[in-house]
Amino acid sequence: MPSRTQRIDRLAELVAARREDGEGRGVWREAFARMRRDPMAITGAAIVGVFLLVAVLGELIAPYSPTAQTWGAEVFPNRNVFVGPRAENWLGLDNLGRDQFSRMVIGARQTLLVGVVAAGLGFTAGALLGGVSGAAHTLGGRAGRRIDTVLMRFTDMMLALPTLLLAVSIAALLGQGLTTVMVAVGAAQIPIFARLLRGAMIAQGSRDYVLAARALGARRRRIALAHILPNSMGPVLVQLTLSLATAIIDAAALSYLGLGNPDPSVPEWGTMLADAQRFLGGAPQLAVFPALAIIVTALGFTLMGEAMRESLDPRLRN
Amino acid sequence: MTRSPLLDVDELSVAFTRRRRRDVQAVDRISFSLREGRITGLVGESGCGKSVTSLALMGLLPARGVRVGGTARFRLGGGDEVDLLALPAARLRDLRGSEIAMVFQDPLSSLNPVVPIGRQVAEVLTRHRGLKGAAARGQAAELLARVGIPDPGRRLREYPHELSGGMRQRALIAMAVACRPRLLIADEPTTALDVTIQAQILELLAGLVAEEGTALLMITHDLGVVAGLCDEINVLYSGRTVEGAARHELFAAPTHPYTAGLLGSIPRLDAPRDEPLTPIRGTVDDAIGWDDGCAFAPRCDRFAEDCLGGPPPMRERRAGHRFRCLHPTEPAPGEESEGR
Chain A
1 MPSRTQRIDR LAELVAARRE DGEGRGVWRE AFARMRRDPM AITGAAIVGV
51 FLLVAVLGEL IAPYSPTAQT WGAEVFPNRN VFVGPRAENW LGLDNLGRDQ
101 FSRMVIGARQ TLLVGVVAAG LGFTAGALLG GVSGAAHTLG GRAGRRIDTV
151 LMRFTDMMLA LPTLLLAVSI AALLGQGLTT VMVAVGAAQI PIFARLLRGA
201 MIAQGSRDYV LAARALGARR RRIALAHILP NSMGPVLVQL TLSLATAIID
251 AAALSYLGLG NPDPSVPEWG TMLADAQRFL GGAPQLAVFP ALAIIVTALG
301 FTLMGEAMRE SLDPRLRN
Chain B
1 MTRSPLLDVD ELSVAFTRRR RRDVQAVDRI SFSLREGRIT GLVGESGCGK
51 SVTSLALMGL LPARGVRVGG TARFRLGGGD EVDLLALPAA RLRDLRGSEI
101 AMVFQDPLSS LNPVVPIGRQ VAEVLTRHRG LKGAAARGQA AELLARVGIP
151 DPGRRLREYP HELSGGMRQR ALIAMAVACR PRLLIADEPT TALDVTIQAQ
201 ILELLAGLVA EEGTALLMIT HDLGVVAGLC DEINVLYSGR TVEGAARHEL
251 FAAPTHPYTA GLLGSIPRLD APRDEPLTPI RGTVDDAIGW DDGCAFAPRC
301 DRFAEDCLGG PPPMRERRAG HRFRCLHPTE PAPGEESEGR
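Protein sequences appear in the order of chains A and B. Straight run, no breaks: the first sequence in full-length UniProt numbering ends on number 318. Straight run, no breaks: the second sequence in full-length UniProt numbering ends on number 340.
The following block holds chain A by itself, in its conformation from the complex (with noise of 0.2 Å):
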């Protein structure tokens, strides 16, 4: 049985420990410790990272080149022979006698770019809309709301669209290509992140913190930059994550109709799809693994986005 003074310096330590583990810990480095402790966010975080590893890595785990033809004297795809998997080539040979392996890991490169770019760029250009429109809702007075109610306006007419539709629709006006699968897929997330920025811009506008700033003099852009938007990130982050995902689908989906790069030479998820679907009958293994790789990345990133949203809800927070 320890003394009451050692007690008492246990406890001490205790709380000692407890402060300088909560020093200065914001909002979303205590957001962060939730979800490194939780399930959904650490298996969401693997796959992310497996994929990303594997594209990054590319072409040191392919083990042939994705091109090469090598064993194209084994696979006859008007007589129905193919080649399912075997030591040699785990994941079989494609119509051409190409390594699906090979090809799939190679892929992953151009399908997660494709993913990340077509994201960050609808988060960039929505984020950009919203923000503003929040802005001058909250803070711009009668001229405020009427910028606001322009640019929401045209970001409902975006939204009409359905987003395939939509992306469809710019791809057939860029012409085939990466950047159009980018571009499109892209351009489709911007209302949505756009919407989502502002009604969390409002949402937080009406917050005491906001009049209390207000009532020490600070300026409009002072309140709009420094206290209205990094309150109002939260949701637009957890998007974020939720869209690469998406947006990975949106963008196999554009090379699945033929929108996406033309280059054989370059294997995407999204177009392996689409090629695979005419050996369909003979060959099922050669539509099954890049959907399959495109399923557990979205996953992944749904994983991720879910768990942040999680961790950042106040309700669930302490």
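Hints were generated in silico from the structure; no laboratory data involved. You may find that some hints are simply not true.
Using C-beta positions, here's what the derived DEER-type ranges look like [unchecked claim]:
| # | chain 1 | residue 1 | chain 2 | residue 2 | range |
| --- | --- | --- | --- | --- | --- |
| 1 | B | Leu-87 | A | Val-56 | 33 to 41 Å |
| 2 | B | Leu-108 | A | Asp-263 | 54 to 62 Å |
| 3 | B | Leu-108 | A | Ala-160 | 24 to 32 Å |
| 4 | A | Leu-52 | B | Gly-130 | 44 to 52 Å |
| 5 | B | Leu-87 | A | Leu-299 | 55 to 63 Å |
| 6 | B | Gly-130 | A | Arg-29 | 30 to 38 Å |
| 7 | B | Arg-91 | A | Ala-203 | 28 to 36 Å |
| 8 | A | Arg-29 | B | Leu-87 | 39 to 47 Å |
Using N, Cα and C, we set each Cβ at its ideal position, and we do this for glycine too.
Following the hints, put chain B in place on chain A, whose structure we already have.
Relative to the frame of chain A, chain B by itself:
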């Protein structure tokens, strides 16, 4: 009193306009004045127009759907007088935080949750004093120490949620007094705090007023706060002043039945244990406006026919003690007691 008051509010009115419906008269021609080094209380229950009054003086009411009337003459540091209610927005913005500051009710929601305390205090100094970087931080630490926050160096780096309620309110007060404003408005500054902390915060405010000569407008529903702190008290009911007097005068001779009712509804230590508290009946009701008669009439024990015969005029009991009632609980000097 030789000097003119620091702030002279004359017939301040605030009405919220509604579409196709009668306007809501939140504040109806109230007048009071604030002097340097004095604490003036604005007392009343929820919905009587206390907070709207403070927001109107600060120019923080929304621009749309609000009609503000009257004048609020404020004497600037240089001696010039301005009408706070007629000042252009940019001018007012420069005054807010430097000459006039405000402490809000709920310290947690009045602080930005994602910005460390130190930066929030420094922001005021940057805005009005042009202090930057280390200078602003040093000044912020001094301010925190001044309002009684121990270990200010560390507290500067902490976020609002890491501070206790009392600490947060102290931090908010530090922000409000950062530029040594000459007028401080405190809107229910102790409502969100527990009783021991309340006393500390009130003491802090009283100390700041005594040292700096700030004029403090104390808005509260708590007569206990008023009793311990204020020099002068205005009791509001449904947007109008019903009684105004110096503290001792008001507590010694509450003249309006509403004031008397408020005093009767709080427990006192010196009262016999079995003496029942007498609550005021009903709730604030805007069905009877002041135009029809006394708005307090439906809840009043001293109600009589003539109470609804038009708005009761403001009368003086003696110099500096105003009340608005036809049947006061304390007879005005020279009038017969009604003996009820």
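>> Within 44 to 52 Å: is that where the Cβ-Cβ distance between Leu-52 of chain A and Gly-130 of chain B falls?
In response: Given a distance of about 47 Å, which is inside 44 to 52 Å, the answer is holds.
>> Quick check: does the Cβ-Cβ distance between Leu-87 of chain B and Leu-299 of chain A fall within 55 to 63 Å?
In response: Hint holds: Cβ distance 58 Å, inside 55 to 63 Å.
> Between Arg-29 of chain A and Leu-87 of chain B, does the beta-carbon spacing fit 39 to 47 Å?
Replying inline: Because 42 Å falls inside the window, the suggested range holds.
>> Taking the Cβ atom of Leu-87 of chain B and the Cβ atom of Val-56 of chain A, is their distance within the range 33 to 41 Å?
In response: violated (60 Å)
>> Please check whether Gly-130 of chain B and Arg-29 of chain A have a Cβ separation lying inside 30 to 38 Å.
In response: The hinted range 30 to 38 Å holds for Gly-130 of chain B and Arg-29 of chain A, with Cβ atoms some 32 Å apart.
> Would you say the C-beta atoms of Leu-108 of chain B and Ala-160 of chain A sit inside 24 to 32 Å of each other?
Replying inline: Cβ of Leu-108 of chain B to Cβ of Ala-160 of chain A: about 40 Å, so the range 24 to 32 Å is violated.
>> Assuming the hint says 54 to 62 Å, is it satisfied by the Cβ distance from Leu-108 of chain B to Asp-263 of chain A or not?
In response: holds (57 Å)
> Measuring from beta carbon to beta carbon, are Arg-91 of chain B and Ala-203 of chain A in 28 to 36 Å?
Replying inline: At 30 Å between Cβs, range holds.
Checked against the numbered hints above, the structure violates hints 1, 3; every other hint is satisfied.
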